Amino acid sequence: MNFDLTEEQQMLNDSLRRFVANEYSFEKRGEIIKSGKGTDPATWSAFAEMGLLGFTFPEDYDGLGGNAVDTLVVMENFGRGLVVEPYLATVVLAGGLVRDLGNDAQKADVLPAITMGERLMAFAHSEPGARYNLEHVHTTARKDGDHFLISGHKTAVLHGGQANQLIVSARTSGTATDKQGLSLFIVDADSKGVKVDDFATHDGHRIADISFSNVTVSADNLLGEIDNAFPHIEKAIDLGIAAVCAEAVGAMEAMNAATLEYIKTRKQFGVPIGKFQVLQHRMADMFIQTEQSKTMAILAATEADSDDRASRREAISMAKTLVGQGARYVAQEGVQLHGGMGVTEEMFAAHLFKRLTLINLLFGDADHHLAQVSDGLLAASA
Amino acid sequence: MDLNYTPEQEAFRAEVQQFLDENLPDDIRERVQKRLRPDKAMTERWQKILFDKGWGASTWPEEFGGTGWDPIQQIIFEEECALAGAPRQLDFGLRMVAPVIMTFGNDEQKQRFLPGILSGEDWWCQGYSEPGAGSDLASLRTSAKLEGDHYIVNGQKTWTTLGQHADWIFCLVRTSNEGKPQQGISFLLIDMNTPGIDVKPIIMLDGEHEINEVYFDNVKVPAENLIGEENQGWTYAKFLLGHERTGLANVGQWKATMKRLKEVARQEQDGQRPLIENTRFRDRLAQLDAELRALELTVLRVLTDKRGPGPQASILKIRGTEIGQQLFEMLMEAGGQDAIAHIPEALELDYKGPRAGSMEATPAAGDYFNMRKLSIFGGSNEIQRNIIAQLVLGL
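Sequence lines, in order, name chains S and Y.
Under the UniProt record's numbering, the first sequence has 361 at position 361, and the numbering climbs by one with no breaks.
Under the UniProt record's numbering, the second sequence has 76 at position 76, and the numbering climbs by one with no breaks.
Hints may contain errors.
[Unchecked claim] Once the Cα atoms are required to be at most 27 Å apart in a straight line, the calculated DSS-like pairs of lysine-lysine come out as:
hint, chain 1, residue 1, chain 2, residue 2
1, Y, 352, S, 264
2, Y, 180, S, 275
3, S, 34, Y, 352
4, Y, 200, S, 267
5, Y, 238, S, 275
[As the list claims (entries may be wrong)] Residues from chain Y that keep clear of chain S, each with C-beta distances beyond 12 Å, as calculated:
hint, residue
6, 2
7, 11
8, 21
9, 39
10, 68
11, 108
12, 293
13, 336
14, 382
Rather than coming from a laboratory, the hints here were simulated on the basis of the structure.
Bear in mind the structure is a predicted one, so any value in this text is a computation, not a measurement.
Glycine included, every Cβ here is placed at the ideal spot set by N, Cα and C.
Let the sequences and hints guide you as you build the complete structure.
Here it is in structure tokens:
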């Protein structure tokens, strides 16, 4: 057993830590968000140059052959600086699906383009009313000669409005509750019949509602086997969960650092408020929650690439449950310990709070994942 | 012992309901129920409607133009207003400064200030906290020096809720540096239109402008605006905070929010079923429902206690704010991933553009963020626990 980063990962960590500290200030982040573009070309190019965008792609396609532990290192640093670039959408979710399911032509087209920083991607899966049920897909893809016609409505598409290409899940058979019958397609975002409503998010990212109205897609753009996409959708989401767990840990560490600094300097009743035992214990609990979450983010990262579905899903759901609860605690108490300052837009802590809160809603909240673990227990005892 | 309302109280409830049915304007109701951006004109219009009915101040005695209602009637009124979708009346005038003026002000001050509060013509805000004086309120430094028949006020107040609309501010100011910090504080009413006052917005984490910083630069305030005696302000401040805390339990608002949360849980889908059929979500809803019931009855128990609310009011502030925060957290969770989008334009009544998910999901996360203030303001919940520990438990 070994919790150490490899030498390469350590280097990645060091250079990213420097980048976030030196090149990605709170003010600069604010400007990027204000631009409404959802991505900063200079930052994205820097990521490409650092090799971040292809880290987890195979070497045959200009990647570095990395894994979810590399993603953990990247996302922790992103969490620390609240980086709002479309890394999760492009590299982890959509890129991961093409890496795992693409044929040679698809991989050769997509992966080097992502790696070079020339293409943004998004995964359009969730639908109205689906909540966190991954099989709930009404969008259809009807075969028409050598094409498919896609129609339906996708919601909560992370950075969907910025993507050049979308990976779209659609039903090629079965009904909305079936796990069988789902397929994935690579769809150009500017295809006829694609309508995108791009929204800001409370935490500085972008999210889109996308409708598809008889969008014609070549059969060559079918990603993976027809009707059998469900296990791959689960795995893509699991990779996404492992990534946001790591991001949450970075943000929790940043919240603890900011809060610690605040309670050491803010004076009331003639002393720094950090001298009050009740606040010391609160801070100690924030630290405990963060360490526990860090452990679980590591578990999620080491399991996320696994094809042993039951073991992977259990680990991922345990991680998302505890990280979600820990993130909630650290976010709420971080704000509380900042007092009135904590609820103002000018404080970094307020932004950490928002991101930590919304990470809990991404890909299933703590309740949802506790239910997954609980259902697993029941199934195992049957 | 009997926890039922009397027939007279039920009749009173019906009377309030009928009044609300007939007099609460639809656009106001819609704005409140959809949790759209609050609006000054809306608050003023509603106060005027209540005033015309003679119900402008549900907590005031009749001699000052109030309703003279007993605590139970006040609670029934507040609850029915919230359930009907009426906007909150402005506490700063009605529930905070007015009781101070009634109790410690002179006759002239009563005649001068209370009518404007009652009719809603005068918008009041609170000048208590300062950048260096939050939980440690008594360390405040904004100074007022008597020169002839005026005080000259210098300093800065912060977290001034809705101060951007205010005609008047009630301030705690330092008139003496002798003795303990509490001993040199006075309670001063200041016209916001006086030269030398500068109001600067503080944007909150939900992106909205609700609070402000207020700067005082050689502001001339007539000495007749001093409430009670000089250097006795701390006594009046504590009296006011006791009133504020009871109001912060907010049971009526939370009952309306709970009703909405239950509706949302029935409307939002969790795949093939409504969210209310998700047992984990429903169990938490049930827990919160029980806690809200307990809060409601505890408020009634405290308010009907003939000894009046003492330090026990801190219990109401703590539980009321914790329950309120959880209600809004669950509303956000009910919205799921749709609650992530931030569409500030959609907080206006005439918004017709796209939104992510349901109407309910649109304000949900912003509301949750905003409600973090509840456990911080009005004396943070840590300070309330200190009060219980020291004044109730004698620790």
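Against the structure, the hints come out as follows:
no.: 1; hint: 352/Y / 264/S; verdict: violated, 48 Å
no.: 2; hint: 180/Y / 275/S; verdict: holds, 22 Å
no.: 3; hint: 34/S / 352/Y; verdict: holds, 23 Å
no.: 4; hint: 200/Y / 267/S; verdict: holds, 24 Å
no.: 5; hint: 238/Y / 275/S; verdict: holds, 26 Å
no.: 6; hint: 2; verdict: holds, 39 Å
no.: 7; hint: 11; verdict: holds, 43 Å
no.: 8; hint: 21; verdict: holds, 34 Å
no.: 9; hint: 39; verdict: holds, 21 Å
no.: 10; hint: 68; verdict: holds, 37 Å
no.: 11; hint: 108; verdict: holds, 35 Å
no.: 12; hint: 293; verdict: holds, 23 Å
no.: 13; hint: 336; verdict: violated, 5 Å
no.: 14; hint: 382; verdict: violated, 6 Å
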